[in-house]
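Undergrad: For the protein sequence lines, the chains are A and B, in the order given.
Under the working numbering, the residue at position 147 of the first sequence is numbered 147, and the numbers go up by one with no gaps.
Under the working numbering, the residue at position 283 of the second sequence is numbered 283, and the numbers go up by one with no gaps.
Keep in mind that the hints are not guaranteed to be accurate.
[As the list claims (entries may be wrong)] Derived list of chain B stretches under chain A, where covered just means 3 residues or more per stretch with a C-beta under 8 Å from a C-beta of chain A:
id, stretch
1, 53-66
2, 71-84
3, 88-102
4, 284-293
Hints in this document: simulated from the structure, not taken from any laboratory.
From a predicted model like this one, the values you see are computed outputs, not experimental measurements.
Cβ coordinates follow ideal geometry from the N, Cα and C atoms, glycine included.
Number of protein chains: 2
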Amino acid sequence: MDELSLIERLVAIGWKGSRAVIQGPGDDAAVLRGGIAISTDLMVEGVHFSFDWIAPAEAGFRAGAAALSDMAAMGAAPEAVLVSLAVAGDPSLCEELQRGVRRAGDRVGVAVAGGDVSRSPGPAVVDVVAVGRVREPCRRSGAEAGQEVWVSGVLGGAAAAVAAWSAGGRPAPAARERFASPPNRVPLGKALAQRRLARAMIDISDGLVRDAGQVARASGARLRILQDAVPVDTAAGGDLNLALEGGEDYELMFTAPAGKEAAILDLGRELSVRLTRIGSVDAGAGVVLEDGEGGRTAAGRGGYDHFA
Amino acid sequence: MDELSLIERLVAIGWKGSRAVIQGPGDDAAVLRGGIAISTDLMVEGVHFSFDWIAPAEAGFRAGAAALSDMAAMGAAPEAVLVSLAVAGDPSLCEELQRGVRRAGDRVGVAVAGGDVSRSPGPAVVDVVAVGRVREPCRRSGAEAGQEVWVSGVLGGAAAAVAAWSAGGRPAPAARERFASPPNRVPLGKALAQRRLARAMIDISDGLVRDAGQVARASGARLRILQDAVPVDTAAGGDLNLALEGGEDYELMFTAPAGKEAAILDLGRELSVRLTRIGSVDAGAGVVLEDGEGGRTAAGRGGYDHFA
Chain A
1 MDELSLIERL VAIGWKGSRA VIQGPGDDAA VLRGGIAIST DLMVEGVHFS FDWIAPAEAG
61 FRAGAAALSD MAAMGAAPEA VLVSLAVAGD PSLCEELQRG VRRAGDRVGV AVAGGDVSRS
121 PGPAVVDVVA VGRVREPCRR SGAEAGQEVW VSGVLGGAAA AVAAWSAGGR PAPAARERFA
181 SPPNRVPLGK ALAQRRLARA MIDISDGLVR DAGQVARASG ARLRILQDAV PVDTAAGGDL
241 NLALEGGEDY ELMFTAPAGK EAAILDLGRE LSVRLTRIGS VDAGAGVVLE DGEGGRTAAG
301 RGGYDHFA
Chain B
1 MDELSLIERL VAIGWKGSRA VIQGPGDDAA VLRGGIAIST DLMVEGVHFS FDWIAPAEAG
61 FRAGAAALSD MAAMGAAPEA VLVSLAVAGD PSLCEELQRG VRRAGDRVGV AVAGGDVSRS
121 PGPAVVDVVA VGRVREPCRR SGAEAGQEVW VSGVLGGAAA AVAAWSAGGR PAPAARERFA
181 SPPNRVPLGK ALAQRRLARA MIDISDGLVR DAGQVARASG ARLRILQDAV PVDTAAGGDL
241 NLALEGGEDY ELMFTAPAGK EAAILDLGRE LSVRLTRIGS VDAGAGVVLE DGEGGRTAAG
301 RGGYDHFA
């Protein structure tokens, strides 16, 4: 069973509809009546990170940044995080993890308002809950034929670091930095939602193609991505595959109505974030990758799968 | 470093005050402006439970019930839970854990609105986030001299089960049931808060004495507990120590103004919950246990410590 199938089964078991919840499972965050967005992001030592790769405070920062990225992807303004920690051995490790989460919170002006802590007989575990407010949540399901597909930042750097570590080597400093310190896209996500520039949005945690597939499925539309337009991180050494499939970037992918290019590029300049048009939405299903010669690849469920 | 000291350090690292948060760390749940209560409850295989003790769906139920117990202790009405799961090996274990959390949600009318899932290279981990609404949160800090101390249900049964398992034996069925299926005190907690009967409240997860100590510390008052008044679960075999120190009960301890005995007992009858007056609040600090002969014991930081 792959991870997406497992998630579908967990949703079927856990979700039954609720009057209190206006957005249930299947998006970057759940949303309660009154616009309370809430999500949880679990990171496990030996699966999502290793202390041979990054220091504990960096792991905490990354976990906090990943949780807050879910707020960005909904267009929500974060108000607090809560942190559950489990560690083997020295409890001072908890302090370093907490320090990192706090720094990620500081970057968007929120504090650690609660949490839980336990000993672990195995790996360290960091589970960060982010909670925020959003008037009009930007869901994954808003993509429609005629819209354009955009992405923030550059892709593939964090995955290049993981690839280097996994091969027993050491990543270039720039790639390591991409992994240890995901970008803060909260101001961007909020502005895109408030200005109605983004109509569907997701954060790229599992890889561009895979996350585009989530938007395609939720929207009942097809996303066409122009390979040559995808902004590959120089830290990824020009490896397009890392940018398409690597994941870990925590950049935002969104769809926008046609004709909004100037407004989107203005916003990017305002926030000093590179925004790149990488494709379009049409009728159909799934994700199609197009190369410069008109070749097409139907892209399936690529990207990182915790259970594969 | 013991667990309470560690938590104090984590709070000092993570918390800096926040205009968005009206109750920060140090209570059963954080509360955002507008009365959004949110808490997270982490359970780790080999620390909080063992699959030699209970089935996966029971572990999920227990984790869900424990998280919802935090809502009860604030007097909040739960609206949703989110679940983070990590398991080694067969991902179908996730489904059983999720099924259990769902059942705990069903008991109070909320669904699993989101979550996260990962492989674990070690123990199974279940982290349940509960979110709800509360107009006037019932904090740990509301105890004042002259109030009376009350407890719901009977205590010590769940700890008797843990004691039996830890000694290599099998608990009596009634004790096992107390551990596997914590009570639902959400209706009680809500009613106690709404009717202004409870002025300080906490759920008993770490043991009556230890949790009473939390209320004493938060309130700047002393709690005097009459040992003979504490309702010991018959499943605990009459062992007062299990009732005082055992924990795991997820009953509510609260302080109430004097003269409310009739209203409290009426509420108990209405909800079919045994409510027992076990002591009083006076000026001072800490917890004092009194026996029938007038003997007194200053009780310290008893109860379960994950890092001791």
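Undergrad: Could you run down the list of hints and mark each one as holding or not?
TA: Hints, one by one, checked against the model:
1. Using a Cβ-Cβ cut-off of 8 Å, 0 residues of the stretch 53-66 of chain B lie near chain A, which falls short of the minimum of three, so the contact claim is violated.
2. Proximity of the stretch 71-84 of chain B to chain A, defined as three or more residues with a beta carbon under 8 Å from a beta carbon of that chain, is established by the 5 residues found.
3. Remark: the stretch 88-102 of chain B is confirmed as covered by chain A, as 8 of its residues place a Cβ nearer than 8 Å to a Cβ of that chain, reaching the required three.
4. Restraint check on the stretch 284-293 of chain B versus chain A: 0 residues with Cβ-Cβ distances below 8 Å, three needed, restraint violated.
The structure is inconsistent with the numbered hints 1, 4, although it conforms to all the rest.
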